[in-house]
Amino acid sequence: NAGVTQTPKFQVLKTGQSMTLQCAQDMNHNSMYWYRQDPGMGLRLIYYSASEGTTDKGEVPNGYNVSRLNKREFSLRLESAAPSQTSVYFCASRTTGQVGPLEQYFGPGTRLTVT
Amino acid sequence: GENVEQHPSTLSVQEGDSAVIKCTYSDSASNYFPWYKQELGKRPQLIIDIRSNVGEKKDQRIAVTLNKTAKHFSLHITETQPEDSAVYFCAASMGGNEKLTFGTGTRLTIIP
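For the record, the sequence lines run as chains A and B. Residue 1 is where the first sequence starts when you use my numbering, and the numbers rise one by one after that. Residue 1 is where the second sequence starts when you use my numbering, and the numbers rise one by one after that.
It should be emphasised that the hints constitute simulated quantities derived from the structure, not laboratory data. It is possible that some hints are incorrect.
[To be verified] Derived DSS-like pairs (lysine-lysine); straight-line CA-CA distance at most 30 Å: (1) B:K71 x B:K99; (2) A:K57 x A:K14; (3) B:K42 x A:K57; (4) B:K71 x A:K9; (5) B:K22 x A:K57; (6) B:K42 x A:K71; (7) B:K99 x B:K57; (8) B:K57 x B:K22; (9) A:K71 x B:K71; (10) B:K22 x B:K58; (11) B:K58 x A:K14; (12) B:K37 x B:K57; (13) A:K14 x B:K42; (14) B:K68 x B:K22; (15) B:K57 x B:K71; (16) A:K57 x B:K58; (17) B:K99 x B:K37; (18) A:K71 x B:K99; (19) B:K68 x B:K58; (20) A:K57 x A:K9; (21) B:K99 x B:K22; (22) B:K99 x A:K57; (23) A:K57 x B:K37; (24) B:K42 x B:K58; (25) B:K99 x A:K9; (26) B:K58 x A:K9.
No experiment lies behind these values; they were computed from the predicted model shown.
Take the sequences, apply the hints, and build the full model.
Here it is in structure tokens:
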């Protein structure tokens, strides 16, 4: 049971380049999330998916797109990277509903630098 | 939307002393309040959470208290140890709501 996995671990991009961050979970969770973490700003939600086939914007969606490929996989795409997108990106997942555990399980993170 | 404020941003305590981190939230409909710990270079991990139908919850050396009237909640760590050094994040959401809103984090340093 690997939990939540992310690839790549590190990436350096030039301004204007594109890339896709991959996330997968093997816990049969319905909900998946993408966050960015910047110094002094905590974890900010970019996009989330409450179930396969649905996606919704979070707090900071501009410049990003997402795809919920299937129940296991949720990818984040930067179409034209900007230096302001330099950050650590975390994927997370959890079960859905109001009862039972609400814990979000995080992946190991992707450190992205845009020059 | 929800807004969560967290204080202090940094906290240093002597090993064995207690540490307290405080958060306030803006949306009175929020009813789920987790705390995550993030060690240097690692992923955030849940350490304790509380729902709005209780005022306090304990798990060994850590406890969380909730004051719904004042819309604030706090993390208490007693008998601190070096391994408690980390960044701690509070968060809030409506229980079934898929979104968590995080505070900006507190860097806790335990001085041996």
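Now for the hints, and whether the structure bears them out:
Only pairs whose Cα atoms come within 30 Å are accepted, and K71 of chain B paired with K99 of chain B is accepted, the gap being roughly 18 Å. Only pairs whose Cα atoms come within 30 Å are accepted, and K57 of chain A paired with K14 of chain A is accepted, the gap being roughly 26 Å. Restraint check for K42 of chain B and K57 of chain A: satisfied, since their Cα atoms lie roughly 26 Å apart, inside the 30 Å limit. The straight-line distance between the Cα atoms of K71 of chain B and K9 of chain A is roughly 38 Å, outside the 30 Å bound, and the hint therefore fails.
Distance check on the hinted pair: K22 of chain B and K57 of chain A sit about 28 Å apart at the alpha-carbon level, within 30 Å; holds. As the CA atoms of K42 of chain B and K71 of chain A are separated by approximately 25 Å, the hinted pair is consistent with the 30 Å bound. Our distance criterion of 30 Å between C-alpha atoms is met by K99 of chain B and K57 of chain B, whose separation comes to about 22 Å. Of the supplied pair hints, the one linking K57 of chain B and K22 of chain B holds, its CA atoms being roughly 15 Å apart against a limit of 30 Å.
Of the supplied pair hints, the one linking K71 of chain A and K71 of chain B is violated, its CA atoms being roughly 36 Å apart against a limit of 30 Å. Restraint check for K22 of chain B and K58 of chain B: the C-alpha separation of about 16 Å stays at or below 30 Å, so the hint holds. With a CA separation close to 48 Å, the supplied pair K58 of chain B and K14 of chain A exceeds the 30 Å bound. Distance hint between K37 of chain B and K57 of chain B is fulfilled; the C-alpha atoms sit about 17 Å from each other, no more than 30 Å.
For the hint linking K14 of chain A to K42 of chain B, the alpha-carbon distance of about 26 Å falls within 30 Å, and the restraint holds. For the proposed pair K68 of chain B and K22 of chain B, the alpha carbon gap of about 14 Å is at most 30 Å, so the pair holds. Note on K57 of chain B and K71 of chain B: the hinted pairing holds, with a Cα-Cα distance of about 16 Å set against a maximum of 30 Å. Taking the CA atoms of K57 of chain A and K58 of chain B, the gap is near 34 Å; set against the 30 Å cutoff, the hint is violated.
With a C-alpha separation of about 18 Å, the suggested pairing of K99 of chain B with K37 of chain B holds against the 30 Å cut-off. Between the alpha carbons of K71 of chain A and K99 of chain B the distance comes to roughly 18 Å, so the proposed pair stays at or under 30 Å and holds. With a C-alpha separation of about 18 Å, the suggested pair K68 of chain B and K58 of chain B falls inside the 30 Å cut-off, and the hint holds. Restraint check: the Cα-Cα separation between K57 of chain A and K9 of chain A comes to about 24 Å, which is no more than 30 Å; the hinted pair holds.
About 21 Å separates the Cα atoms of K99 of chain B and K22 of chain B, which keeps this hinted pair within 30 Å; it holds. In summary, the hint linking K99 of chain B to K57 of chain A is supported, as the alpha carbons are separated by about 10 Å, within the 30 Å threshold. Taking the CA atoms of K57 of chain A and K37 of chain B, the gap is about 25 Å. The hint holds against a cut of 30 Å. This hinted pair checks out: K42 of chain B and K58 of chain B have alpha carbons roughly 25 Å apart, not beyond 30 Å.
The hinted pair formed by K99 of chain B and K9 of chain A meets the criterion: a straight-line CA distance of about 25 Å does not exceed 30 Å. With a C-alpha separation of about 35 Å, the suggested pairing of K58 of chain B with K9 of chain A is violated against the 30 Å cut-off.
Violated hints, in rising order: 4, 9, 11, 16 and 26; the structure is consistent with all others.
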